[in-house]
Amino acid sequence: MTPDRSKPGIQQLKHVVVLMMENRSFDHMLGALKAQYPSIDGLTGNETNPDTTGAHASVLPQAEYQSQLDPDPNHHFAAVNLQIFGDPAKGPPLPPTMQGFVRSYYNQQQNVAHSQKILYYFTPDKLPVLTTLATEYAVFNRWFASIPGPTICNRAFAHYGTSFGQVSMELFYVGKQYKSIYDRLLAAKHTVKLFYYDQASSTMEVVNLLQNEPSLFGTFPDFLRACDDNALPDYCFIEPNYTDHDAPDGSGEAIACDQHPDHDVRAGEQFIATVYNKIRNNPKLWPNTAILIVYDEHGGIYDHVPPPACTPDGFVAQPTDTGTLDAFHFDRLGVRVPAILVSPWVQKGSVINDVFEHASIPATITDFLIGPYDARSPREKVANTFLDLLSLDAMRGDDDCPSFQLE
Amino acid sequence: MAIILVPGPPAEAFRKNRPISDLIKSQIRHFQHLEHKLRLDLPTKFSPHDLTTEGAASKYIAEMTAALHNPATAAPQTATPIRVPPSQRPDNTPALRAIPKPLRQPQRVDIAASASTKKPSAKKQVPAKPAKKKRS
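Chains as they are written, first to last, in our numbering: chain A, 2 to 408; chain B, 787 to 922.
Treat the hints loosely; a few may be bogus.
[Unchecked claim] SDA-like, lysine to any residue: derived pairs with alpha carbons at most 20 Å apart:
#1 A:K15 with A:S252
#2 B:K811 with A:N209
#3 B:K811 with A:Q63
#4 B:K811 with A:K285
#5 A:K127 with B:H855
#6 A:K127 with B:R825
#7 B:K845 with A:Q69
#8 B:K802 with A:S68
#9 A:K382 with A:R143
#10 A:K349 with B:I790
#11 A:K127 with B:I789
#12 A:K194 with B:K831
#13 B:K802 with B:L837
#14 A:K285 with A:N209
#15 B:K802 with A:D355
#16 A:K15 with A:D247
#17 A:K279 with B:S833
#18 A:K194 with A:E171
#19 B:K802 with A:D73
#20 A:K127 with B:A842
#21 B:K845 with A:D247
#22 A:K127 with A:K194
#23 A:K349 with B:M787
#24 B:K845 with A:T3
#25 B:K802 with A:D394
#26 A:K349 with A:Y38
#27 B:K802 with A:E254
#28 A:K127 with A:Y174
#29 B:K831 with B:P857
#30 B:K811 with B:M787
#31 A:K349 with A:K382
#32 B:K823 with A:A189
#33 A:K194 with B:N856
#34 B:K831 with A:N209
#35 B:K811 with A:Q109
#36 B:K845 with A:P288
#37 B:K802 with A:K349
[Said to hold, decoys possible] Computed far set for chain B versus chain A, every beta-carbon distance over 10 Å:
#38 A799
#39 S807
#40 H822
Calculated from the structure, these hints are not laboratory results.
Note that this is a predicted model, so its numbers are computed, not measured.
Where is the CB? At the ideal position from N, CA and C, for every residue including glycine.
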């Protein structure tokens, strides 16, 4: 919904920061919160999936930080079809039962016991950052990946409001008809930056943005410095560290903090906390900055909410691209992912039930910073926006907003 | 509100010899596409077969990222022209044949991405064809 510009939180808003993590489903990360917060659409504990023996495996609160989801669960289009519809070759009109996750994971190792781990979820005490932010600010019950497929096409929706017809990682072509959110903002004289972790991790927006507009990019230390210098751009998009590697500057080991299986989830928790603390603890930024923490897609991990239909994108991916018997018209969303909006102007404990997807990101930023803008994908034009959640009449006090300390 | 402690990963969680995921394989493919398209000459000669671990892949990604930020560090590859030393013998060939052909210079390729006129092959998205009806 378009924000009420008379609200003080909107009037003061100067910066929006989007942090997009990797490959975890809503139920896997936040599903356990339902026990304490019934309005959060998580797990009852009774959800099951059939395994390949025909037995019903249950969701269990036994997710581990690392070494459990190895190999990386398949989340390409056909595998996600199996996870949602129970058939890798077909989608609708089959019903989206969400009963194929265990069978999909079984296909990778033919190990029944291992395949059941795709149903495991974290208890809140294991994810103090994500669960605290979800319950202290606004959590989205219905934020879905834009495509039932892998990372790069999903991330494209956050940058362009479309993937230009791609359902895979092979996004080598970006159509000219829709500009990236960055180009739109630059044309409107706004400041923007994509911050990747470091040059050794870099970006997933290689072929278009990094090639053609390298000046759009900075590193995570640049982001931290911009916060310290009160020089944060109007819009920031942060990418986590995608690999374990030696830091290019010789400063030591840089551990992956994207939470992509099989990277240690704790590193991602600390990364989210670092972004949050940097803004939270700066009195010149905290009142005028909103932070969206969102995951690009579910990574093949179980979620119980069937993805809904959506406005077609105007593109069609052929069966050769989907790996299924069907063409895909971009008319349904991917699996649900965690998404949290943080601001001292957000009502504590907000739970949002409207449907969002990654096209909501450029839709929100464009609406807020530019205003009416027609040259957008059909999906982005109808995507819900989220800044109306900065609705409080008075900013929450310091004592009412959590802080984190890294151990 | 109390400060919430956030545990970090143990030292053994760092595994730079972990095989790369499909995601990093794709990221490398994207960089390789640009390396070849822009004919970049990276400081290190990477063999694609060696980019199998996160640690190794990240070194290639770092050099490619630096090259895209600063094209001067990865000047385009140009063929070195082969120069034949002048013959010691006097040239007795007829004058007409002595007219030298213009030397064909190797074509320069600008590595600034915006200067590149060649577009990557676009996969044309077309509406789905209706399935052919089987003859009964």
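Consistency of the hints with the structure:
Of the supplied pair hints, the one linking K15 (chain A) and S252 (chain A) is violated, its CA atoms being roughly 33 Å apart against a limit of 20 Å. Between the alpha carbons of K811 (chain B) and N209 (chain A) the distance comes to roughly 18 Å, so the proposed pair stays at or under 20 Å and holds. The hinted pair formed by K811 (chain B) and Q63 (chain A) fails the criterion: a straight-line CA distance of about 30 Å is larger than 20 Å. Pair hint K811 (chain B) plus K285 (chain A) does not hold up; C-alpha atoms about 41 Å apart against a cutoff of 20 Å.
Annotation: proposed proximity of K127 (chain A) to H855 (chain B) is violated, straight-line Cα distance about 39 Å (limit 20 Å). For the suggested pair K127 (chain A) and R825 (chain B), the alpha carbons sit about 47 Å apart, so the restraint of at most 20 Å is broken. For the given pair, K845 (chain B) sits about 27 Å from Q69 (chain A) by alpha-carbon distance, which is inconsistent with the 20 Å threshold. Only pairs whose Cα atoms come within 20 Å are accepted, and K802 (chain B) paired with S68 (chain A) is accepted, the gap being roughly 14 Å.
Only pairs whose Cα atoms come within 20 Å are accepted, and K382 (chain A) paired with R143 (chain A) is accepted, the gap being roughly 18 Å. Pair hint K349 (chain A) plus I790 (chain B) holds up; C-alpha atoms about 17 Å apart against a cutoff of 20 Å. Between K127 (chain A) and I789 (chain B), the direct Cα distance comes to roughly 16 Å. Compliance with the 20 Å bound is thereby established for this hinted pair. Between the alpha carbons of K194 (chain A) and K831 (chain B) the distance comes to roughly 31 Å, so the proposed pair goes past 20 Å and is violated.
Taking the CA atoms of K802 (chain B) and L837 (chain B), the gap is near 12 Å; set against the 20 Å cutoff, the hint holds. Proximity of K285 (chain A) to N209 (chain A) is assessed by CA-CA distance (about 34 Å); at most 20 Å being required, the pair is judged violated. At roughly 41 Å between alpha-carbon atoms, K802 (chain B) and D355 (chain A) are farther apart than 20 Å, so this suggested pair is violated. In summary, the hint linking K15 (chain A) to D247 (chain A) is not supported, as the alpha carbons are separated by about 35 Å, beyond the 20 Å threshold.
Under the criterion of a C-alpha separation no larger than 20 Å, the hint pairing K279 (chain A) with S833 (chain B) is inconsistent with the structure, at around 40 Å. Only pairs whose Cα atoms come within 20 Å are accepted, and K194 (chain A) paired with E171 (chain A) is rejected, the gap being roughly 24 Å. With a CA separation close to 16 Å, the supplied pair K802 (chain B) and D73 (chain A) stays within the 20 Å bound. A threshold of 20 Å between alpha carbons decides the hint, and for K127 (chain A) with A842 (chain B) the separation of about 31 Å lies outside it, so the pair is violated.
Under the criterion of a C-alpha separation no larger than 20 Å, the hint pairing K845 (chain B) with D247 (chain A) is consistent with the structure, at around 9 Å. Note on K127 (chain A) and K194 (chain A): the hinted pairing is violated, with a Cα-Cα distance of about 32 Å set against a maximum of 20 Å. This hinted pair checks out: K349 (chain A) and M787 (chain B) have alpha carbons roughly 13 Å apart, not beyond 20 Å. For the suggested pair K845 (chain B) and T3 (chain A), the alpha carbons sit about 44 Å apart, so the restraint of at most 20 Å is broken.
Restraint check for K802 (chain B) and D394 (chain A): the C-alpha separation of about 49 Å exceeds 20 Å, so the hint is violated. Distance hint between K349 (chain A) and Y38 (chain A) is fulfilled; the C-alpha atoms sit about 13 Å from each other, no more than 20 Å. Of the supplied pair hints, the one linking K802 (chain B) and E254 (chain A) holds, its CA atoms being roughly 9 Å apart against a limit of 20 Å. Pair hint K127 (chain A) plus Y174 (chain A) does not hold up; C-alpha atoms about 40 Å apart against a cutoff of 20 Å.
Between K831 (chain B) and P857 (chain B) the CA atoms are separated by roughly 17 Å; this keeps the pair inside 20 Å, and the hint holds. Between the alpha carbons of K811 (chain B) and M787 (chain B) the distance comes to roughly 44 Å, so the proposed pair goes past 20 Å and is violated. Of the pairs offered as hints, the one joining K349 (chain A) and K382 (chain A) is violated, with about 29 Å between alpha carbons and a cut-off of 20 Å exceeded. Pair hint K823 (chain B) plus A189 (chain A) does not hold up; C-alpha atoms about 32 Å apart against a cutoff of 20 Å.
With a CA separation close to 18 Å, the supplied pair K194 (chain A) and N856 (chain B) stays within the 20 Å bound. Only pairs whose Cα atoms come within 20 Å are accepted, and K831 (chain B) paired with N209 (chain A) is rejected, the gap being roughly 24 Å. Between the alpha carbons of K811 (chain B) and Q109 (chain A) the distance comes to roughly 18 Å, so the proposed pair stays at or under 20 Å and holds. A C-alpha spacing of about 39 Å is found between K845 (chain B) and P288 (chain A), which places the hinted pair above 20 Å, so the restraint is violated.
Restraint check for K802 (chain B) and K349 (chain A): the C-alpha separation of about 40 Å exceeds 20 Å, so the hint is violated. The Cβ of A799 (chain B) does not lie farther than 10 Å from every Cβ of chain A; its closest approach is about 4 Å, which violates its non-interface assignment. Not every CB of chain A lies more than 10 Å from the CB of S807 (chain B), the least distance being 5 Å, so the non-interface label is violated. Its beta-carbon lying about 12 Å from the closest one in chain A, H822 (chain B) satisfies the requirement of being farther than 10 Å from that chain.
Comparing the model with each numbered hint stated earlier shows that hints 1, 3, 4, 5, 6, 7, 12, 14, 15, 16, 17, 18, 20, 22, 24, 25, 28, 30, 31, 32, 34, 36, 37, 38, 39 do not hold.
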